[in-house]
Structure formats: structure tokens, C-alpha cells
Amino acid sequence: MSPISAVALAAALIVSGVLFERRAFQLYRLIRMGKPVARFDDVPGRVRAEMVVVVGQSKLLQVLVPGLMHAAIFWGFMVLLPTIVIAMIGAVDPHATLPWLGAQGWYALMVDVFALLVLAGVITAFAIRKLQRPGRFVGSHLGEADLILALIAAIICTLFAWHASQIALGLNDYPASWAPVSALLAGALHQSWTPVLERAAVWAHVLIILAFLVYLPYSKHLHIFLAAVNVFFGRTRARGRLEPIQFEKEGMAEEDVRFGTATVADMTWKQTVDTMSCTECGRCQDVCPAYGTGKALSPKLLIMALRDQVMSEGPKVLSAADKGATYHAPPLVPNAITDDIVWDCVTCGACVQECPVGIEHIDHIIDLRRNLVMVESRFPAEAAPMLRDVDRASNPWGKPQADRTRWAEGLGVRVLQPGEQPPDILFWVGCAPAYDERARQAAISTAKLMKDAGVDFAILGPRESCTGDPARRMGDEYTFQRLAKQNVGTLNSSGVKRIVTTCPHCLNTLSNEYPDFGGRYEVVHHTVFLAELIREGRIDPLPGDRAITYHDSCYLARHNDVIAEPRELVAAAGRPVEMPRSGKRTFCCGAGGARMWMEESRGRPINQERVREAAATGAQTLAVACPFCTVMLDDGVRETGVKLQVVDLATLLSEAVERQKAWDARTKPAGSNQ
Amino acid sequence: VVVVLVEQSEGKATDPSLQTLTLARSFGQPVNALLIGSDIDLSQHGVAVSHVAQHEALSSFAPDAWAAILGHLADRLDASAVFAAGTERGNEVMARLAARSELPLAANCIAVSPDQPVTLTRLRWGGSLLEEARLHSSRRLITVAPHAIPIELAPVETKVEKFTPELSDKDLLVRVTEHVGASGGGISLTEAKVVVSGGRGVGSKEGFAIIEELAGLLGAAVGCSRAVTSAGWRPHTDQVGQTGTKIAPDIYIACGISGATQHMAGCKGAKKILAINADGEAPIMLSADYAVIGDLKEIVPAISAEIRKQR
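For the protein sequence lines, the chains are A and B, in the order given. Start counting the first sequence at 1079; every next residue gets the next number (the numbering used here). Start counting the second sequence at 3; every next residue gets the next number (the numbering used here).
Source of the hints: derived by calculation from the structure; they are not laboratory data. Beta carbons: idealized from backbone N, C-alpha and C, even for Gly. Among the hints, erroneous ones may be present.
Label pairs and their computed distance ranges (CB to CB) [claimed, not checked]:
1. Pro1393(A) <-> Lys248(B): 54 to 60 Å
2. Pro32(B) <-> Asn1570(A): 54 to 60 Å
3. Pro106(B) <-> Asp1417(A): 47 to 53 Å
Rough simulated footprint, nothing fancy, chain B against chain A, three-plus residues with beta-carbon under 8 Å [claimed, not checked]:
4. 1465-1477
5. 1503-1516
6. 1670-1679
7. 1713-1721
All chains, please: the whole structure from these sequences, using the hints.
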């Protein structure tokens, strides 16, 4: 053991430790500056997410090659972590090592293998960045990424050089045969240089790691500390739920009501961690329907812009607070983010689904909208009639409430009156199926099928109101909460337990958001309920030979995990063909996030993009399970002229049931029993 | 001292300005009015002094110049508050004054009490919300929501002081240079008694010639559906619908429009709807009072020809 080495290592540790701590403490204060948000519940769910998303790398592995690349580096570093300590001991005393582990042959083997994997990962990453150059990196800090990759490569190379020279000098505490790669390299070393190389390599290894540690919290590579934190505090249940605004709360001053996000000072701590966790990988940008159709929004650039604001304005807010003063940070919109960016979002959640570090982009967008709408009254003018009509007429088109039952005329559907015995199933129709010509067919078919199967159901008719979803996604939390309370009052007083709805937006609001307002019901989508009826043998469809491709609604598949049942219905009605983007990784129709009520004036129309994808499957029928998708995609078919028929799954199933009946009538002549 | 910007139209103070005077009087005395251009009698409205700014550059609206004059007058009188009507002009001038003097502006107020700090009630959200707010400021800048307060008379003796304001070139950067009527023959969609609209069925931008011809003969405004603006055949200002203009004509002639809910939400105010469509099953048939089933490219020119013959 050399005392000079010990002093040098201690000095290096102290310097890097102090530098790291100073930055880390500042970041910690910036996070603690954030507004409160409840993310400490459901610990088992959080641990599970940690295991699946972080340890299991599930989000990254959604795209195979870059996923394996990252997994190799991540798992590699998990295995290599103890070698940092081993190297520090070795730097001070070439003859010492970490007790036990440093002498284990199996560990030496793992280090050898995983170091090689990391190197392969780094080379793959370079190849992706330099040769393939995917579009998801547009706008990212590319030079920074190169530097980080170079540092990782240097860490691995110095590790191999050290191990090889150790073996060559016989300094290895583990059996050399267990480290084949290092042993192979040892054979190639020139004897005279080996002792110098051994010292140089181990010190270079330790110092690069310490330099990396200091550099990390200043770089986008901060995610190696924060990704695990951010994933842990992500939402575990009810992904489609938005955090309600507490307008009135006991002991809360009026000034403390948070109307979304105006400046960095309004962000929640989770949102701050979101921005710091971003690695600029661009997986969100790659799947974003707005970005993909040439609009202003890129979820990645949005988060990066917010991070820049946190880093530049956050410290000013903190230092003013230290002096007992208030610093008014500039508004985020339009300084860091344009209005267009905020309004381009369809809240489809593709970005959230893709993000490997648990960033929740929708929450940022909605908070920016809340501020623009409720504080600034600044939003696309064409959406104003919707907000007004939802508020005053309880539906987005300002139609009379009395007309809510018109779609059901002649169907013999029971309208539940106040005080009546509740039915087994409340059929929540929703505004679009009740009023829109094209969307109503789904409601009619569902009602017919339920009648056929002998289901005891009723509708609320004029007592049903818009759930408030479009107003909420616009940022108009006032109107949403008023409607939510009104509907919860109606539903609770009617004693309803189980609700069926054809609208995924109603489904999301009723099941995920109404519990915040005292409404707890079992809410199922009509596709799920109809699949249940088929399994129970209560309806009997005969599949036709039509090729059907099914378009997953974002609010059904992504926000509420309904993926299998609609496919059961497709199989019951015809021949299923899948689109490239389906299930959890579906592509929006363009109507979500209240975009239904705004003009799509930037970029190419999202709905046309989607119907072209559907037509390319060769299917004749485009099956849908959402009234908004129905309208958007039907428009898309008309606009592009592709040969497709847009039909709701309930209608397709209804046709299949009629087909079976016709078949039965032909094979079993009337009057005969069996 | 309270200063009120009074807007005028055809030699009379506008109603929103008179409403503003009513509210301003309750806030503080004496009330000084600022008139731009010509003097009008404000003695029925409790105005102690009418300041009339006259300058050759003020023949047309110049919001920065108005803000400059208003600011100088308020400085000269050491006004505790400056009021204007919450009209497009009033809000614009006051916003510019607020920016110049780095003071907060409370827009669209319907009640103001001269406490310390000033408490006020503001109309938000197109009138569906009332906001209680406190205004901390050395000089209060307030605009008053139009048609929210009744005009009350308070006859006093009014002194008139005419003056020529000093204006820099910078103050005159923004000003109205020309008035241009809206396209479509100057008939606005919202006010037209007859609207002739075309949908996807019209087929092309050029196809609108027959729609425009019919509209011209009927003295009607031309409208269109969302599909048409999406295709770029007509500007968004022509769009009738949920996300376009909502109209209420005596008769609405919808040519080649299927009648999507989004469109019908914009024309439900029409007294009568005449649908011309090749598809007899189109949803618009449910709302139409009259319908012609057939090719609009034949039917619309035939109607135009018939009108010409009748005249």
C-alpha cells in the first residue's frame, strides 16, 4: 500500500464528491420547490413498475435493437458497480481487493462478459447515432450524447486494460481462467510496459468514473440517477386520470389554488423530476401524432424547453425566496413554449406509453392549458362554442337535452326515472352517440344486442349530461367539475352499480376521474360487455369473410388497457387484419384532448394518415370502438377516397348475429325442433 | 381625480363609455373625461372637465397615440384611476397604457370599490364567471365590461378644455390606414338573411362559382362546410359550423353538404333549411325543411337561371 496513492484517491474523492454534492443539492432544492402532488400511495404498484420498467427495461425493449443496446449497457453497469470499489482499492494497493467478491471467479466472468456487452452496446449506440440517424434525435443535444458514449467506452476500455495487465503481472485475486477476455488481452501485452499500464489503467478508470460522476448532474445523462426515481413516482393505476384542481379546501388560502402551470414556480415536484429525467432519446417524438404530421408539438422538445426553464429560472425563484422576496418567473407560454404547441396535443398518451423514464407529458400539457384557459382566457377561438355549450346545454353541440333519447325511438329502451328500481346495467350513451348521426349506430346496435341477450338495462335520457371530458382536456376544470358533481349526484341517487358505455372518453372519465368526486361504479366498455355476452353464450355470432382491421382508441387501449376484448369481437364478426400501429402502441384518430372541437390548421390531417394506414392492410372494413374515432376516420375516408367502410364493432357484431340467425333459419326449417 | 376615456360615434358618446362614466363617478371625484377629436356634451353624465385632444394625426384610430395622451393627462391631473370602456378599442388603449406605465390593468370590471386595496368584480369566461379581485397599484387602470351597468344621469356643469397633444412618431406607428369590408360582397355570414353554402359535393374550389352566382342573385352570403376549408377551397371565415361561424338566416341553402353534427351545430339557428344533395339518405335530410335530391351542378345553375328569367 502506498500512502501517496491513498492521499491522491482521498483528494480525488473529496473534490468530486463536493462538486457532485453542490450540483445535486441544487437540483434537490429545485425539485423540492415543486408544488405537492400525491405520489406516495400504492407502494407495491410502484415497486412493480420499478421492476418492470427499470430493471426489466420494458419500455426500451418495445423497439428491439435500441432496446437491447440500452439493456446491455444498463445491466452491464449494474453488474460492474462493485468494480468501482474494487478499482479504488486496487488503485491504492495493487495487491489488495474487495474482500470475497474481488476473489470470486464467477464474478470475474460476469464482469468480463458484461463489460463486453456494454462495449457492444456503446458501439451499437454509435452506429445508430452516426449511421442510421433516426429522426427521433432531431432537436436533441447530439454532441453531449457522443461525449457520454465516449466516456462509457473509456471506462470499459480502462477496465479491460487494468484486468489484462493485472493478469499479466499475476496481481489478479480471481482465477485468470474465469476472465477469458482479460486473459486473452493479457497475452498480447508487452512485458516491459505492463507495470506502468497497470497503474495508468486503474487510475484512469477511477478518475474517469469520478469525472463522469461530476459531469452527470449537469448533463442529460442525469437520468441514470433520476429515471428510477421518476418511474417509482409515476402513476400506477388509472393512467387516464387527470389530477383534479382543489378549488376549495379547508385551511387553504384562495391564493394557493393552482390554476395549472403559468411559470416554473407552478410545476409540481413530479413535473420537475420529469424534466430532469429526460435523456432526449426522442421515442416520444417518434410516436407523437402531432409531430408526425408536421405540427408544432414535439413532446421531447416540450420537456426540454421546460427543463431549460427550470434550470434558468428555478434558481432565481429559490434565491429570491432565500432573501424573503418573490421572483416572478416569466410565463412559460409563449416564452419557452408557443401556444400552438400547447394546443396541438391530442392527449393520446403515445409519448407517455413510450417514455422509458416515466415522463408524463400529458400532465404538463393539461396544466399549461388550464392556465391559458382559466387564467388567461386564451385558447383557439373555435373551441369556445363547445365550452359554452357543454356548460350551458350539457352537450358540446348545444342540442336540447330532450333529444337525448331520439336515437332510441322504436327500440323499446327503458328510460330510468328518478326513484325507480335501478337496472342491472346502466347504459351511459354519451353525447356523440345520442346526437351524432354517424356515431348513433353504435348505440343502436349495442341496445339491440343487449335486448337480444335479455340484459336488464336502462338509459338516463335527459338526465344524462356530458361527462365534462372535452372541457377538462381543454383545461376548463371549472366546467368539468360542475358537470362531474352533477352526474355523480344523478348516478348515486339512482343506485347504479354497473355502467356500460360505447364511448372510451366517457369510460375514462366515469371510471378513473369520477371517484375523485365521490362516484364509484364498475364501468365497462361496450366491447368488453359484448365479449362477455358472447363468452356466456348469450349472443351467438357467425363470422363473415370480410377482412376487418381494428383501430384501437387511445382512451380505450392506452389509457384503459382494453385491447383483447375488441379483438374477440373482430374475430366474431370477420377476418382480423392488424395495422402496424395497434394495441397499446396505436395511433390517434386526431380527436382526443378536445382536438375534436378545434381546427387542424397545422401540418397534415392526422385522420387521413390513419385511414391510409388502415387501407394499406387490404381490409375492406375499418372497425372502431369510439364515437369520435368513428367521425374522424369516416371523414378521413371521405377526404382521401380510400376504399374503406368505418363501422363500430357493435354494429359488426350485430350483423354477425343476424348472419347466424339467417343460417339457423336455413339449416333448421321452421316448426321443427332440432 | 378620475380620468375616463370617452369613445364617440356619430357625434355621441357610445353607450359603453356612458356606462363607464357611471361606474367611474362612484369611484372618485372629480371626473375628467378625455375626448379624442371633437367635443361632445357630457354635462348629463357628471363630468367636471372635458379634455378634448385635437391633432391632425388623430383623424383615424391610433391606439398608442391614444394611450400616450391618456397617460399624459393622467400624469398632469395626478389621477388616482383611469377608466375606459371594455370595448375592443378601450381594452387595447388601456393595455398599451398599462405596458407604457408598467402598471396592472383590470379589464372587464362590473363593480369597483375605492377601498385600499381596490376590490373589484370582473367578468370572465364570456360572462359565465365572476371574479373577485384586489388591485394593488398606485394608479388603477380599469376597463368596464360593456352593457353590464345601467347608465345613470348626473347633471353638472362641464368645463371644456381643448388642447393639442404632443405626439412622437413612435406613438403613431400603429394606426388605422384603411377600412376594408369583409369578402363575400360585404354581407357577413352572421347577419345575412340568406346563406348559400357549399360542401364537399361542390367538388373543387372552382365549383364554388355556381354557389357564388346564386348567392349574388339572392343577396346572400356564401358559406361552406369544414370539409371545404380543410381542402383549402374556401377560407375558414366562410365556414359554418361548431368550429366556424354560427348563423341564423331566414333561409339556409346547403348544397352538397351531408350535414355532419359539427356542421348542423352552426346552422341550427336557420329558420328554414333547403338541402340540395345527391344522397337522399344524407343526415341533413333530417333537419331540412325542403330538399332537392340530385346533382347540385345541374340544380344550382337551374335555380340561378330561373331567378334571372323571373326578373
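Evaluated hints:
no.: 1; hint: Pro1393(A) <-> Lys248(B): 54 to 60 Å; result: violated (49 Å)
no.: 2; hint: Pro32(B) <-> Asn1570(A): 54 to 60 Å; result: holds (59 Å)
no.: 3; hint: Pro106(B) <-> Asp1417(A): 47 to 53 Å; result: violated (22 Å)
no.: 4; hint: 1465-1477; result: holds (count 8)
no.: 5; hint: 1503-1516; result: holds (count 5)
no.: 6; hint: 1670-1679; result: holds (count 5)
no.: 7; hint: 1713-1721; result: holds (count 3)
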